[in-house]
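S.K.: This is what each chain is made of:
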Amino acid sequence: MPRTEKTSPETWLRVTPQGLYCAAGDFYIDPHRPVERAVITHGHADHARAGHDAVLTTPGTAVIMRSRFGAGAAKTYDEAAYGETRSFGDATVRLAPAGHILGSAQVVIEHAGTRVVISGDYKRRRDLTCDGFEPVPCDLFVTEATFALPVFRHPPDGAEIRKLLQSLARNPDRVHLVGVYALGKAQRVIALLREAGYDRPIHLHGALTALCDLYAAQGIALGPLRPVGRESKKGFAGEIVLCPPSSLRDRWSRGFPNPVTAMASGWMRVRQRARLRGVELPLILSDHADWDELTATLHDVQAPRVWVTHGREDALVHYARSHGIEAEALSLVGREEEGA
Amino acid sequence: MKAFAALLDGLVYTPSRNGKLRLLADYFRTTPDPDRGWALAALTDGLDQRHAKPALVRGLVEARVDPVLFRLSYDYVGDLAETVSLIWPDDGTAADTPLRLGDAVAALQTAGRSEVPALLEGWLDSLDADGRFALLKLIMGGLRVGVSARLAKTALTRLGGAPLVDSVSLAEIEEIWFGLEPPYVSLFAWLEGRAGPPPVDRRIAFRPLMLANPLEDGALETLDPDEFRAEWKWDGIRVQLVAGGGERRVYSRTGDDISAAFPDIVAAMDFDAVVDGELLVLRDGAVAPFNHLQQRLNRKRVTRQMLADHPAHVRLYDMLFDGDEDLRALPFDDRRVRLDDWMRRESPGRMDLSPLVPFRAWDDLSALRADARANGIEGLMLKRGDSPYTAGRPKGPWFKWKRDPMLADCVVMYAQRGHGRRSSFYSDFTFGCWRPDDDGKPELVPVGKAYFGFTDAELAELDKWVRGHSTERYGPVRAVEPGLVLEIAFDSVHRSARHKSKLAMRFPRVHRIRWDKPHHEADRLETLEKLVAE
Ligand SMILES: [Zn+2]
Ligand SMILES: [Zn+2]
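These protein sequences, in sequence, are chains S and G. Those letters in the first sequence? Residues 1 to 340, per my numbering, in order. Those letters in the second sequence? Residues 1001 to 1534, per my numbering, in order.
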């Protein structure tokens, strides 16, 4: 890219009540209120909202948005494959894989010789259900920080899935209820189970079936899946049932006799957090980068400046500054911890 | 250490009491001496490590990890052992020479103060995260795995050695507990039927207390008033006085020896008996507010001044032993007669009888309870006339019937991180009421602190609110902007010099979270002042 006269990114990229706004191209990134032009990093509800006029996103995210919000989620979609560029005003935009969930992207913006990368949510480890994160060298990196504390180190996925399979072997008389976020986590857990050789049907809470079907239709093999019907919940001993985290403790789950309650989330790393949620079998499986991945990424993208958002900003800002990177916290309202 | 780590992990994640009992019993059954005894000591809070203090552990970790990152992590996780275990640099290669729990304890006990840091550091390097957690919990205490000392002892009763026909009961273990020392080798030998009971001096033994259940709504209708006796429920602390053979002990409800804090009571125990009663501060025959008694608690030594200003007294309501005679199998009515006779005979100083409250029908008692606003009275106790003195909390014979609490709407001012399973949540709330400041403008003054009365789901919401509305941080405490109203229930309110509001609530708890209530409509201090029990 031409690196002639560099501009300071804050002159053309700033936080507004609608969200992060690129003045050079007159568009918003993951705005949480309806806008004329939005670039959407991925389909989680705290990033993709309904009601925009024009949306630029990946084909994967467009499918998810249509499925979640119906046809009226946006007036027009511009679906860009990873690497394709678009021009808006004086800015060019392309999307790069973020490794978070199906269709997830980083937003790469170039304007006046300066390149900014907005990571969206991301992780660095392998995920069978989406393309892997691509580090893009840049002048300013806007990073998420969901797990930005050095206590968060996600163990290898395989070891966590083994914990689930071992528990299943030890408790063949008990159904295993696994709390998973509906978009991304559910499908990744299924894919990991299949990779570990588990080939029995996996049972799904009603809230998970549509997104699992969507992934399968995108060519991601999930094996045999069975919706849990309204009938008796007695016949599931020794089976795996996936449900949204909120259902682990509601009336729906109380229908299962003597379940092992599991939860797949990065938060499970902290015992007392897991315990408070009444989880008996914590599985540390996250779609967000852990501390080591976050700090490694700062070095990989070689950006002299970093803006930190979406979580525990303090620690990552401190880390960046003590490694000679200019860093500040960027507070974006309306971000939740979905999919963590 | 691996087995102990697995035990702690299992206990953390097993919600049910029976599940925990099974894990504990399995551990005690399969772990050799002395490891299991040290684990038992850690679970019952009996392990005293002189040199391995939290400050030392913090020092070690801050030498390895950026102190700012450590502080931020600790602030989030809340528990020191857990934070250190997770943050300790780890290349994923745990040593294959496993550290034995008994060896670790022995090494710490023989090590000099200056040798402890290197010892600890070496172990932390050789263990994985779960092992580090177990080690740190072992040496720093405060396990917070949802196991009370009583539950750990209950698990011991399930050990049952094969040759034993009758297994040892919890009451039997509790009766000799005061005379046992870790690592409890003789206790395990007895439990497994390999030896008789460990020899202890039973004359000064604590006898496990009989406890009452709260009276549930509507339960009275199912009870026959003729079968029950009523007493006032005194607002002090339950004690057991044990005297005989030249020895005297004041035991707390849990069997802790608190004699040293109450030399006035000990001096008056010139008898040979075991009696049960309420410890109070009494002046001119009137019970002082509970916070006066609190000033006498947890002291290793008491000044003459303190003894004169806060004279202690025991109001007796039951008798367990008269000399060597065990009265516990007798019905309550008979024990009461024995207690009355004994009082007439011995008339010990600093003690009197808790009178029986006469009544015919439950309505008589309801009326008395509603009016019971006198100092020192928390409500009523109902005891079946035919009830033997049974250790524990048997269902049916004894009930406590507290009077209805007072209520006030208060504004949250500070929040502090909790303990145990709530350690990463802001769960302890300091709240205040409004009063006019010097210019007549409303200001908040703190009136109390509460840390329970809400569900886990509500706690998560409160935590989120606190994190979103904090104005300042001081270590584990955050100041928050006025905005959240809690309806606080409390038993009474007293004058207190220690608080800026000059008031202190007794037993405050969150009754309801008033998300709906504007904070400027919360109660004023003058409303609370009208409720003060003088
Ligand atoms: Zn996301
Ligand atoms: Zn997100």
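No wet-lab data here; the hints were simulated from the structure. Any given hint could turn out to be false.
Derived coverage of chain S by chain G (criterion: at least 3 residues anywhere in the stretch with Cβ under 8 Å from a Cβ of chain G; other residues may be distant) [claimed, not checked]:
hint : region
1    : 231-239
2    : 271-283
Here's a subset of chain S near chain G, in silico, CB distances under 8 Å, partners left out [what the hints assert, rightly or not]:
hint : residue
3    : Pro150
4    : Ser322
5    : Ile325
6    : Leu330
Note that the Cβ used here is the ideal one computed from N, Cα and C, for glycine as well.
S.K.: The structure should be examined with respect to each hint, and the outcome stated for every one.
M.R.: Structure-based check of all given hints:
1. Restraint check on the region 231-239 of chain S versus chain G: 0 residues with Cβ-Cβ distances below 8 Å, three needed, restraint violated.
2. As drawn, the region 271-283 of chain S meets chain G at 12 residues by the rule of a beta-carbon pair under 8 Å; at three or more, the given contact holds.
3. With its C-beta approaching chain G no nearer than about 5 Å, S:Pro150 sits inside the 8 Å limit, and its interface hint holds.
4. Evaluation of the S:Ser322 hint against chain G yields a held restraint, the C-beta minimum of about 7 Å falling below 8 Å.
5. Because the closest C-beta pair between S:Ile325 and chain G is about 15 Å apart, greater than 8 Å, the hint is violated.
6. The interface hint given for S:Leu330 is broken, as the beta carbon of that residue sits about 17 Å from the closest beta carbon of chain G, more than 8 Å.
The structure fails to meet hints 1, 5, 6 from the earlier list, while all remaining hints are met.
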